[in-house]
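Using the sequences and the hints, build the whole thing.
In case you want the letters, here they are:
Number of protein chains: 4
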Amino acid sequence: MIHKEAIRRVIDSTDHLSGKVFTFTIQSLIIVSLISFSIDTLPDLSLNTKKTLRVIEIITVGIFTLEYVLRITISERKLGFIFSFYGLVDLAAILPFYIASGLDLRAVRVFRLLRLVRILKLFKYSQAIKRFHRALVIAKEELILFGFVAAIMLYLSAVGIYYFENSAQPEQFKSVFHSLWWAVTTLTTVGYGDMYPITAGGKLFTFFVLMIGLGIVAVPTGLIASALSQVRKEDAT
Amino acid sequence: MIHKEAIRRVIDSTDHLSGKVFTFTIQSLIIVSLISFSIDTLPDLSLNTKKTLRVIEIITVGIFTLEYVLRITISERKLGFIFSFYGLVDLAAILPFYIASGLDLRAVRVFRLLRLVRILKLFKYSQAIKRFHRALVIAKEELILFGFVAAIMLYLSAVGIYYFENSAQPEQFKSVFHSLWWAVTTLTTVGYGDMYPITAGGKLFTFFVLMIGLGIVAVPTGLIASALSQVRKEDAT
Amino acid sequence: MIHKEAIRRVIDSTDHLSGKVFTFTIQSLIIVSLISFSIDTLPDLSLNTKKTLRVIEIITVGIFTLEYVLRITISERKLGFIFSFYGLVDLAAILPFYIASGLDLRAVRVFRLLRLVRILKLFKYSQAIKRFHRALVIAKEELILFGFVAAIMLYLSAVGIYYFENSAQPEQFKSVFHSLWWAVTTLTTVGYGDMYPITAGGKLFTFFVLMIGLGIVAVPTGLIASALSQVRKEDAT
Amino acid sequence: MIHKEAIRRVIDSTDHLSGKVFTFTIQSLIIVSLISFSIDTLPDLSLNTKKTLRVIEIITVGIFTLEYVLRITISERKLGFIFSFYGLVDLAAILPFYIASGLDLRAVRVFRLLRLVRILKLFKYSQAIKRFHRALVIAKEELILFGFVAAIMLYLSAVGIYYFENSAQPEQFKSVFHSLWWAVTTLTTVGYGDMYPITAGGKLFTFFVLMIGLGIVAVPTGLIASALSQVRKEDAT
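Protein chains in written order, with this note's numbering: chain Y, -10 to 226; chain W, -10 to 226; chain V, -10 to 226; chain R, -10 to 226.
Calculated directly from the structure, the hints in this document are not laboratory data.
On a predicted model such as this, the values are computed, not experimentally measured, just so you know.
It is possible that part of the hints are untrue.
What the hints assert, rightly or not - Only some residues are given here: those of chain W computed to face chain R with a beta carbon under 10 Å:
hint, residue
1, T178
2, G180
3, G182
Even glycine gets a Cβ: it sits at the ideal position worked out from N, Cα and C.
Structural data, given as structure tokens:
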């Protein structure tokens, strides 16, 4: 009979080699699982590929189930683990396989993506994520203010362009909601080119919106960067 | 008879629960009013939807009118309030409803957007907006200089591309004014794709314009961000 | 007979009201001259508009000529002024009018834009431009390095995409030079949409190029901004 | 017989004029070689141009070969140089010419680009590149974290937009891999316009992805810039 303590050492910590190997294996399987999930969305897959993907799914879900059962086994308070955040994530990531196995429920398979949470767990103890947290706390008030102003800016831009362009392009700038899409793609400077003003008034309006709006959308990024470097400096001293 | 003091406590301050509830109600009604305004711009609305929107408009404007009357009632200097900034904003936001009720004057209904000013009022006492003000003061001179240089840059880019592209694309780069639109969408990196150079000279020119211009347009954002973090540091010490 | 000293006070300094009025008039005339120049590029102008523009041109050039003559008159070393930077700029801005008056030489009229230099002169004594200068000096070495690396990056991106896309889109990615245009519009994130990869290899290549290249193109802006705020801090202490 | 020491002084150092001239000549030849390589990709070249390009190639490769042989001659440990990084780069840049001379192997000719490494060597002793190195070390942890989060962000955006748009645009959003291309061009704000959401759900999803994703992609740039200015400050004191 294997001792719980021994299993725990392998699953929960990365102090020993066995723990490192275990964690690395699980992480790799998550990546494999995500890649096979992505390949699965390709149209016109050959029957062979589909079979291979199915086999990979069975194996990975099998191992994830084993891991889940082991984690329950070794935990002192079993219910506590099952209803913990990571317990629920682990369950949600394997359950769809057993429920929807016979059916073709794409939407359900998306739950597999939840395993990404496990990958993020890697950074749990990293200094960088702690500094990032503190940087967010430092810049919190400004970020909220800018978020708010950016939302109002987007809304007003949408209303404005709607009034300028609606009569010239009724199909494109159908309503304030349709114009909001234009406001989002323009103020983030993505500019797909599916909607753009053609009237002189609309173009002039866009110019002013961009002059003011670019700063509002871009400043938060600068704020986080400078807050991060401030935190780093505090740590250094 | 209700005491003025009691009303004032509810309307003007958020110290007591009743005041908080009142402020929150008004803010929510503003949001509701803006959403119904936006839905109203959708084409092909059913008669039922139109009726519902009309009812929502009557109710919200009714409450805003009541609020406006109350604010006049409780103010010491009634004329002072009516001609104050917020007094005029409040009036401008409800007046169009009474004037244009029978008519279909879209342009007039836009005044409803003025109620957004009330939402911004929320930030009146926030530390973040004060810091933002001070950051603007710190970076003022640089911002004016960069604004000026950016304007000249945009103008020169428009003239330059006009000379390079006018003969190749007379329909697109019709005049310096039409080319200005290209300069705006290019230097802000929006790049809709409705206008772009096709001659080798125009492309080379665009390259140089972007190399110099990107910095000019983007530096102000960085300036505001670093001024903001400077202000925060000053506050901390 | 007017004293040279008196004219000099009006033209060269802004200490007295007369000097301020003079400078402001000249600046306004430059703006007027540029606007009329821009209107002139509009196609299908009416004969009346053309006549008005011609009159404006005659008047502004007349005043600029008068200013030029006055400046020569009051300078101690007349040849020194004529061959100074501003002397040449002033001459270059009025000469084309006299030479090309009868002809329709658009290219020559562009020299009028040189008067923009005069507008920039306004900032000659501003603190902001001095700080900007010092910021450039501070960040000089990094800016040169990044400029160099950015150039190599653009070149390698062009060569790479050429190899990936040339066979799939021979009309678009004709040569390394044509691909350079793609590299410029992509790495500056303008993305007009006139050229984009369609092969899987080209798309993957674009992904890596963007991941590395975005930083290289965007970092210099951040460098200038932080150098500027450093200079401001030095001034404050 | 020429002394090794004399050759070494010319080839390896830039202390003396002869060394500077040699280095400058080699650098210029690299540029010439790259330009001729680029011109070679142009379609429909005349026979004369092709001949000229061929002559340029023979001359430059000849000189590079001579330089390579000289470098071997003067090095104390000949094998050490041949198998050093720069030794291999130099060989890889000239070898294809001798192997593929008769054949038309475009892919092989690409190795000429390796000579760019020599140009970068110019910066070997520059302070800027040392500071850049130290800045990368300072910001390393954050850069890795953001790189990781950006990768996950891109992947999740691709999966999300695939679910929203696949049924509406099966040709464009064919699979998660095809959607990844959309995620890359959108989050970097390039926005070619070859793929964009058309469903209301997809547009709303894009909005949220941009709000969160822009920061994740843009913050690293700010981090490098602020780390660089920190290093510069450390050097100044």
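Results for each hint:
1. Interface restraint check for T178 of chain W: the shortest CB-CB distance to chain R comes to about 7 Å, inside 10 Å, so the restraint holds.
2. A least Cβ separation of about 7 Å between G180 of chain W and chain R falls short of the 10 Å threshold, and the interface hint therefore holds.
3. At a threshold of 10 Å, the smallest CB-CB gap from G182 of chain W to chain R is about 5 Å, leaving the interface hint in force.
In summary, the structure agrees with every hint in the numbered list given earlier.
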